[in-house]
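Colleague: Listed below are the residues making up each chain.
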Amino acid sequence: MKLPDLTELALRNLRESFLRNFLTTVGISVGVASLVAMLSLGTGLQQLFTRRLAKSGLFDTIYVSSRREMRGMGREEERNGPIPGESRILDEAARVEIEHLRNVSEAYPDIRFATELRFADTPHLTTISALPQSAQSNDAFEHLQGSFFSSETAPEAVLQKSFAEELLGKTPPLGAPEPSVSELAQPLLGKELVMRYAQREVAPGEAAGTRGIASGDDSTGASYSVVSREQKLKIVGVSDLDPESMRGPTRARVFLPLKLAESLHVMQPTDLREVSRGASDQPAYSSISVRVKNPSQIQSVEDAIKKMGFTTFSIVDASRSLQQVFKVLYAFLGIFGSLALAVASIGIVNTLVMAILERRREIGIMKAIGASDADVRKLFFAEAGAMGIFGGVIGVILGWAIGQVINFGTNIYLKRQSIPPEHFWAVPWWLVGFAIGFAFLVSLVSGLYPAGRAARLDPVQALRYE
Amino acid sequence: MTTAPTVSASTITAAIRSENVCRHYRMGDTVIRAVDGVSLEVPAGEFVALLGSSGSGKSSMLNLMAGLDTPTSGCVIVQSHDLAKLSREELAKYRLHVVGMVFQSFNLIASMTLIENVELPLRFAEVDRGQRESRAREALDRVGLKARVHHRPSELSGGEQQRAALARALINRPKLLLADEPTGNLDSHTGTEIMNLLRDFNQQLGMTVVMVTHERALAERYAQRMIFLADGKLVEDRPNRPALEVQP
Numbered sequence: 000m001k002l003p004d005l006t007e008l009a010l011r012n013l014r015e016s017f018l019r020n021f022l023t024t025v026g027i028s029v030g031v032a033s034l035v036a037m038l039s040l041g042t043g044l045q046q047l048f049t050r051r052l053a054k055s056g057l058f059d060t061i062y063v064s065s066r067r068e069m070r071g072m073g074r075e076e077e078r079n080g081p082i083p084g085e086s087r088i089l090d091e092a093a094r095v096e097i098e099h100l101r102n103v104s105e106a107y108p109d110i111r112f113a114t115e116l117r118f119a120d121t122p123h124l125t126t127i128s129a130l131p132q133s134a135q136s137n138d139a140f141e142h143l144q145g146s147f148f149s150s151e152t153a154p155e156a157v158l159q160k161s162f163a164e165e166l167l168g169k170t171p172p173l174g175a176p177e178p179s180v181s182e183l184a185q186p187l188l189g190k191e192l193v194m195r196y197a198q199r200e201v202a203p204g205e206a207a208g209t210r211g212i213a214s215g216d217d218s219t220g221a222s223y224s225v226v227s228r229e230q231k232l233k234i235v236g237v238s239d240l241d242p243e244s245m246r247g248p249t250r251a252r253v254f255l256p257l258k259l260a261e262s263l264h265v266m267q268p269t270d271l272r273e274v275s276r277g278a279s280d281q282p283a284y285s286s287i288s289v290r291v292k293n294p295s296q297i298q299s300v301e302d303a304i305k306k307m308g309f310t311t312f313s314i315v316d317a318s319r320s321l322q323q324v325f326k327v328l329y330a331f332l333g334i335f336g337s338l339a340l341a342v343a344s345i346g347i348v349n350t351l352v353m354a355i356l357e358r359r360r361e362i363g364i365m366k367a368i369g370a371s372d373a374d375v376r377k378l379f380f381a382e383a384g385a386m387g388i389f390g391g392v393i394g395v396i397l398g399w400a401i402g403q404v405i406n407f408g409t410n411i412y413l414k415r416q417s418i419p420p421e422h423f424w425a426v427p428w429w430l431v432g433f434a435i436g437f438a439f440l441v442s443l444v445s446g447l448y449p450a451g452r453a454a455r456l457d458p459v460q461a462l463r464y465e
Numbered sequence: 000m001t002t003a004p005t006v007s008a009s010t011i012t013a014a015i016r017s018e019n020v021c022r023h024y025r026m027g028d029t030v031i032r033a034v035d036g037v038s039l040e041v042p043a044g045e046f047v048a049l050l051g052s053s054g055s056g057k058s059s060m061l062n063l064m065a066g067l068d069t070p071t072s073g074c075v076i077v078q079s080h081d082l083a084k085l086s087r088e089e090l091a092k093y094r095l096h097v098v099g100m101v102f103q104s105f106n107l108i109a110s111m112t113l114i115e116n117v118e119l120p121l122r123f124a125e126v127d128r129g130q131r132e133s134r135a136r137e138a139l140d141r142v143g144l145k146a147r148v149h150h151r152p153s154e155l156s157g158g159e160q161q162r163a164a165l166a167r168a169l170i171n172r173p174k175l176l177l178a179d180e181p182t183g184n185l186d187s188h189t190g191t192e193i194m195n196l197l198r199d200f201n202q203q204l205g206m207t208v209v210m211v212t213h214e215r216a217l218a219e220r221y222a223q224r225m226i227f228l229a230d231g232k233l234v235e236d237r238p239n240r241p242a243l244e245v246q247p
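These protein sequence lines map, in sequence, to chains D and U.
Reading the first sequence from the start, the letters are residues 0 to 465 in numbering that gives the first Met the number 0.
Reading the second sequence from the start, the letters are residues 0 to 247 in numbering that gives the first Met the number 0.
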């Protein structure tokens with residue numbers, strides 16, 4: 000029998016026992032819906048994590064340092080690499096060279112210093128770090144109160160929540176509920192901070208009013224003064240999350256625009272070492288953060304930087320193991336979701352076996368007028384397959400709807416907890432195709448036994464059946 | 000049926016030939032001999048009546064000729080092919096292309112309209128949709144059911160249902176028409192109508208007709224030959240002169 004005839008007869012037969020076949024199809028759709036719900040939760044969570052991690056900058060950033068600083072993470076390299084004293088200096092020229100490597104989106108120096116900030120005539124000591132404008136997309140600033148820096152040179156500062164608490168004298172005791180970030184930002188935004196810092200001045204000067212530390216060696220000609228300076232900063236934003244949580248105790252709590260920080264020539268810890276080694280008058284960076292265009296390119300960029308003679312560090316391996324975790328999660332959710340479909344497949348077997356008993360005589364008639372075993376088998380397969388496809392389509396719609404409802408409900412709960420809404424659910428097209436295909440396949444497998452049994456019916460016996 | 004064994008040329012003119020055919024069933028320790036060593040030959044184009052009382056084995060013999068059942072021993076040869084040696088697939092093709100069958104209880108599929116019932120064998124034969132419909136209409140027209148094509152069997156009288164069953168049996172233009180008590184569920188008037196149609200097919204289309212009946216009078220009026228069975232054995236085989244014209 001041809002496929003269109005098979006389909007037509009199968010649909011006609013399904014319509015004849017509508018209620019029973021409809022209930023079986025509902026069983027399949029519930030199974031598919033549970034599978035879709037589980038897998039779309041897995042997909043949604045994976046997408047959420049990937050999105051978050053991409054924004055965190057952890058997986059697309061390489062930290063580069065000079066071997067002179069001995070800050071490399073690879074002990075192996077430290078033993079076998081060039082002697083630290085002879086390795087290359089991480090200066091502006093090196094930064095530009097790294098920035099021009101393929102797949103690098105930006106390379107910026109890690110400017111970080113501990114200093115004193117005065118707010119309302121009270122001094123506060125903290126670590127300050129410089130950020131490029133691109134850091135605006137970092138998810139730590141996603142719910143920033145106020146705004147990010149207006150430009151790379153603007154005399155502006157963004158505070159971390161804990162420093163804002165300190166400035167306002169609102170640091171909560173341990174275990175007490177923290178004040179909200181908007182509450183903290185309100186009295187601070189637009190206010191002025193005065194930063195006192197040590198500036199490195201290339202030309203040795205003994206100008207009046209400056210307390211200079213002259214350092215130098217006539218044989219090398221490299222010397223500079225350290226001058227105490229002040230810089231006024233306007234508070235433009237207060238951040239809830241900590242963009243430098245990875246750095247532990249050395250993390251900064253106040254952030255400045257990168258170009259502004261560079262122009263200040265703040266004395267860096269490396270400067271003193273360079274002086275003692277008799278290096279050039281060019282400032283050297285303690286480390287550089289390099290952002291790649293895509294996390295998958297991180298390894299090749301890292302290798303290129305290592306070839307230049309620097310030490311690198313990234314957490315690309317953590318990303319790989321995360322993928323493994325999601326594969327296991329997927330399999331687990333998939334197995335759970337398939338359980339309902341397995342139960343539904345028993346429903347298909349039951350429905351088709353009932354259909355054989357009811358249509359025994361009809362099968363006998365078809366055989367008497369020329370239907371082959373294969374025709375009868377195909378007809379039952381077509382009926383099972385049709386139920387599978389209908390169940391699959393309804394199930395995908397149902398699964399999608401369940402996902403939307405749960406997503407909606409979860410976000411209401413999150414909103415009440417003052418947590419921003421998220422998308423936990425994702426039904427990609429491949430999942431739609433897979434779910435319908437899987438339902439079809441399960442139905443065909445369920446139809447194997449009934450179809451075989453119908454095909455083997457003895458026509459003489461079947462025709463006698465009343 | 001290309002792989003089926005063929006028989007000698009001397010028997011080619013026979014539409015059906017059985018040689019010592021047996022069909023035994025086992026029920027517990029008892030063996031039921033439904034057909035027990037029947038040898039007969041039906042020439043092409045003949046109208047034969049198989050007669051006998053209930054349980055004489057006439058329907059079992061017809062099932063063996065139709066390829067619905069396989070003999071326990073002996074052989075049934077139709078168009079040079081030994082049905083006992085055909086595979087299930089080959090037997091299905093034989094039933095589809097060589098044999099048309101009519102039953103006492105009509106055996107139409109209740110959920111289908113008449114035209115759908117009639118064209119069902121053409122679906123199995125993978126005939127194109129357009130051709131299928133015209134052939135089914137033609138067959139229904141031939142049995143006088145032109146106006147009833149879209150009715151379901153339950154909406155028709157017994158006689159009309161049997162005529163539709165005849166149209167279905169005709170649709171694949173078989174050489175052999177096997178009828179199992181075709182008038183058994185009909186009154187005498189409609190029974191005569193059906194019998195006239197069977198005779199028309201035999202005479203006008205040259206079909207070989209084998210009809211099972213227990214009504215001797217009916218057989219005498221239409222059959223050219225009467226074969227009597229009792230307890231699964233052939234007890235009498237004699238020619239008959241049918242009536243020229245029978246009015247319903």
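Treat the hints with care, since some could be wrong.
[To be verified] Listed next, the in silico DSS-like pairs over lysine-lysine satisfying Cα-Cα at most 27 Å (straight line): (1) Lys1(D) x Lys92(U); (2) Lys1(D) x Lys174(U); (3) Lys233(D) x Lys190(D); (4) Lys258(D) x Lys233(D); (5) Lys414(D) x Lys160(D); (6) Lys169(D) x Lys233(D).
Calculated from the structure, these hints are not laboratory results.
Colleague: Look at each hint and say if it fits the structure.
Modeller: Hint-by-hint comparison with the structure:
1. Proximity of Lys1(D) to Lys92(U) is assessed by CA-CA distance (about 16 Å); at most 27 Å being required, the pair is judged to hold.
2. Using a Cα cut-off of 27 Å, the hinted pair Lys1(D) and Lys174(U) holds, with the two alpha carbons roughly 25 Å apart.
3. Using a Cα cut-off of 27 Å, the hinted pair Lys233(D) and Lys190(D) holds, with the two alpha carbons roughly 6 Å apart.
4. Restraint check for Lys258(D) and Lys233(D): the C-alpha separation of about 16 Å stays at or below 27 Å, so the hint holds.
5. Distance restraint check for Lys414(D) and Lys160(D): the Cα-Cα separation of roughly 20 Å lies within the 27 Å cut-off, and the hinted pair is therefore satisfied.
6. Among the hinted pairs, Lys169(D) with Lys233(D) is consistent with the structure: their alpha-carbon atoms are about 20 Å apart, no more than 27 Å.
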